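Residue numbers (numbering that gives the first Met the number 0), protein chains in the order written: chain X, 0 to 225; chain S, 0 to 225.
Hint data in this document are derived by calculation from the structure and do not stem from the laboratory. Predicted, not measured: the structure shown is a model, and the values here were computed from it. Don't take every hint at face value.
In silico lysine-lysine, DSSO-like type, Cα no more than 30 Å apart, as pairs [claimed, not checked]:
1. X:Lys86 to S:Lys151
2. S:Lys6 to S:Lys86
3. S:Lys62 to X:Lys151
4. X:Lys151 to S:Lys210
5. X:Lys62 to S:Lys151
6. X:Lys151 to S:Lys202
7. X:Lys202 to S:Lys151
There are 2 protein chains.
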Amino acid sequence: MNSNNAKAVVLVSGGIDSATCLAIARSQSYACYALSFNYGQRSTSELDGAKKVARAAQVESHKIISVNIGELGGSALTDDSIEVPEKETSGIPVTYVPARNTIFLSYALAWAEVIEASAIYIGVNALDYSGYPDCRPEFIAAFQNLVSLATKTGLEGGNISIETPLINFSKAEIIKSGIKLGVDYSDTVSCYQASEHGVACGKCDSCRFRKKGFADAGVNDPTHYV
Amino acid sequence: MNSNNAKAVVLVSGGIDSATCLAIARSQSYACYALSFNYGQRSTSELDGAKKVARAAQVESHKIISVNIGELGGSALTDDSIEVPEKETSGIPVTYVPARNTIFLSYALAWAEVIEASAIYIGVNALDYSGYPDCRPEFIAAFQNLVSLATKTGLEGGNISIETPLINFSKAEIIKSGIKLGVDYSDTVSCYQASEHGVACGKCDSCRFRKKGFADAGVNDPTHYV
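Let the hints inform the model, and build the full structure from the sequences given.
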């Protein structure tokens, strides 16, 4: 909970986790400022999902920032020459985008400082996830530590809190929480290679976690799969 | 020093500090990958400076990434409605760009991971500087801590070292070091509001530090001032 009129920057990718995270920030009475990124991801229908999710949550403002991570290469999500795996793999998968959450949180931090927000919400999850290093609590703690040292706000004794309400939730718990808060999951897109119209492959990591989450939660999955 | 063929990403703004920092990375036998940002700064001649500096240092590659920090507002360097001060001010000046070095280092980290660089060089300086929080050793230490947790490289036991060779140098010491290493400072641009052709105002913080640095070093300042 927070004092009246407190602002939060909420990272909104257009998937299940960020839609739920936004609903939680709203339920905690924050005035929400949604932030999305166009980073050369394969699936731009993700961004259409982000727009629908932000609109449905009646955010104060929604910014979509173009970031040229793709130009630096190195991930199946931004580099067409690397295939998205359609079977489970071990270790950190090729869909890992180097330093993605560090970059996203850095922009969120900049915006939070400008609008004097007291929190940044990010829907990372360390349980039903793909093994990305920058989804772990240790990473979030290190970024929180950076915040106080990186900013004018921190230097002047203020704080911007990094909030990760989903970090210990299973995908099923995330979906159940969202349903309670009225999230319409038909707005969301999870697939790493969804078609222009949001039709999901049903095979990539992200689709597999989504399907299993809905099944485990006993909730109907509104996704259109190929 | 480093093992043969080690790579370093070097942040190159086009000013004195980054030109010197690049020369130092080269003198330590790194193969250098220069990274600059077009972030809506007032002075785009800074980027012309960065190109000349990178070319003179014979870097392996030079990337200029567009980052839309200006879209988030809040700084005299990116927002035309805020004037660049031409007299000394107290506290953190309006030229402070929220979370700038956090964003720049995040991109450098992403590139370093992709090319398997072992170091990132940044020419921050905590002595003759403008009071920006993200130029302090504490900030760099916090980012170094983040690196090991944010990346696949870190998770796999590797390291990317954040190098700040100038952090305790005076501006005069920076200039003297650069001269020894053959830096041509006529390539560099410091002014926050330099003209298209690189003519400097001579009045902003950055110009004042530059002039004093050359005077203290007893070296002729090649800058064209208004």
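Exercise for the section: Please flag the earlier hints that this structure goes against, numbers listed from lowest up. Expected result: 2
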